[in-house]
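These are the residues of each chain, in order.
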Amino acid sequence: MYKKINDENSIEANVILRTTDNTFIPKDEANTDYQEYLEWVAEGNTPEEAE
Amino acid sequence: MASIKLKGDTSGEVTIQAPAVAGTTTLNLPATSSTLATQNALGVRNLIINGNFDIWQRGTSISLSGSAYTADRFKVGAASGSFARQSFTLGQTEVPNEPSYYGRWTINSNSQNYEVHQRIEDVRTLAGQTATLSFYARRPSGSTTINARIVQYFGTGGSPSATVVTSLGTVALTTDWQKFTFTVNVPSISGKTLGTDNNHSLWVGVQITDTNTGTIDFSQIQFEKGDIATPFEHRPYDMELARCQRYYQIPFGNGCIGHWDSSTQIWWGVRYYCEMRATPSVTLLNTALTIRHNGNKTSSGSAIYFTELSQTGASIAINGWTGGTTVQFAVLRTDKSAAFSAEL
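Protein sequence lines correspond, in order, to chains L and Y.
Quick note, in my numbering, the first sequence goes up one by one and the last residue is 51.
Quick note, in my numbering, the second sequence goes up one by one and the last residue is 395.
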């Protein structure tokens with residue numbers, strides 16, 4: 001459902017990919033999509049690792 | 052300085068006072084019976100954005116399987132159903148002032164608690180004050196009943212106070228348009244604690260109170276300070292669109308400039324129409340983008356490879372192109388191609 005993204009230097013980027021609709025979500029606590037991601041992680045889920 | 056004072060039988064008085072300068076000042080009262088509101092703000096009275104259902108950036112019919120944003124700023128739910136733009140017949144008189152559109156909520160399957168509501172930024176909004184919600188509604192089919200309510204949401208992060216729900220009353224809908232008005236004392240937030248994530252809000256809307264199905268139509272939704280439902284405030288389309296774009300916009304489209312970072316990848320620069328409420332999420336709406344570069348036109352299936360986002364703009368790397376030469380420029384020719392959302 002979510003996947004980590006690396007930047008061009010292979011460092012984990014400041015965005016998360018929601019794979020269900022290919023939405024890139026910033027790691028900004030004021031963003032409600034990111035809040036949903038944090039809730040999903042808090043429920044014990046783990047995002048896919050970046051390629 | 053001259054003045055006229057109107058005094059009540061037992062208490063209270065109203066003073067109409069002229070300025071202490073020469074000249075004549077005329078106060079023109081309405082020719083028809085109406086209310087001259089003084090407790091309300093005289094401009095931007097309506098705290099609901101897009102209450103006239105003129106703005107539909109996401110499309111004019113949104114399928115529902117849960118809750119989703121539909122008409123701009125309106126979040127709508129149903130186990131299955133839709134929320135869609137409908138046109139008023141020219142000259143109709145049931146809803147005044149010739150609105151162009153209304154919103155139709157179709158509920159094909161349902162459980163309690165789905166709602167049509169808008170999240171007004173900042174839970175401080177009208178806290179401790181009197182407010183009035185007004186709207187037109189009808190029920191063309193089915194027998195669903197709804198309850199008007201406000202919700203004070205203190206956000207996330209840290210230790211925010213619990214959500215406060217205040218019911219305004221049940222709406223008895225018929226097949227004819229009716230205007231409904233609810234006045235509410237918005238609870239004080241004294242002693243409450245805001246979350247630290249800057250996402251607190253006041254929710255205003257109506258909620259299903261049963262498990263029935265059907266269709267419900269809404270028009271001219273207004274939430275304003277004071278205990279009087281003033282006439283619906285018409286704002287120009289451009290003003291209303293700009294207010295919606297603080298929360299959702301589609302600025303990546305025809306005319307955006309990028310450069311080839313490799314033979315298959317283009318980096319694009321995007322400036323938003325206005326600063327957004329928070330750093331937005333971005334979704335590519337079109338996977339067959341067309342560009343002009345080096346005198347040629349290329350069309351290709353494409354996907355976002357990487358993006359850097361802020362509240363004012365973004366850079367987006369899109370893959371899937373062919374025939375590029377590194378460092379050369381490209382111009383996007385496909386309009387409305389990526390949406391940015393900073394909704395509450």
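Keep in mind the hints are simulated off the structure, nothing from the lab.
Among the hints, a few may not be true.
What the hints assert, rightly or not - Straight-line distance between alpha carbons at most 16 angstroms, and here's what the computed EDC-like set of lysine to aspartate or glutamate pairs gives:
id, chain 1, residue 1, chain 2, residue 2
1, L, Lys3, L, Glu49
2, L, Lys27, Y, Glu359
3, L, Lys27, Y, Glu394
Here is what the structure says about each hint:
1. L:Lys3 x L:Glu49: 6 angstroms, holds
2. L:Lys27 x Y:Glu359: Satisfied, since the Cα-Cα distance of roughly 11 angstroms is no more than 16 angstroms.
3. L:Lys27 x Y:Glu394: Holds: L:Lys27 and Y:Glu394 sit about 15 angstroms apart, inside 16 angstroms.
Comparing the model with each numbered hint stated earlier shows that all of them hold.
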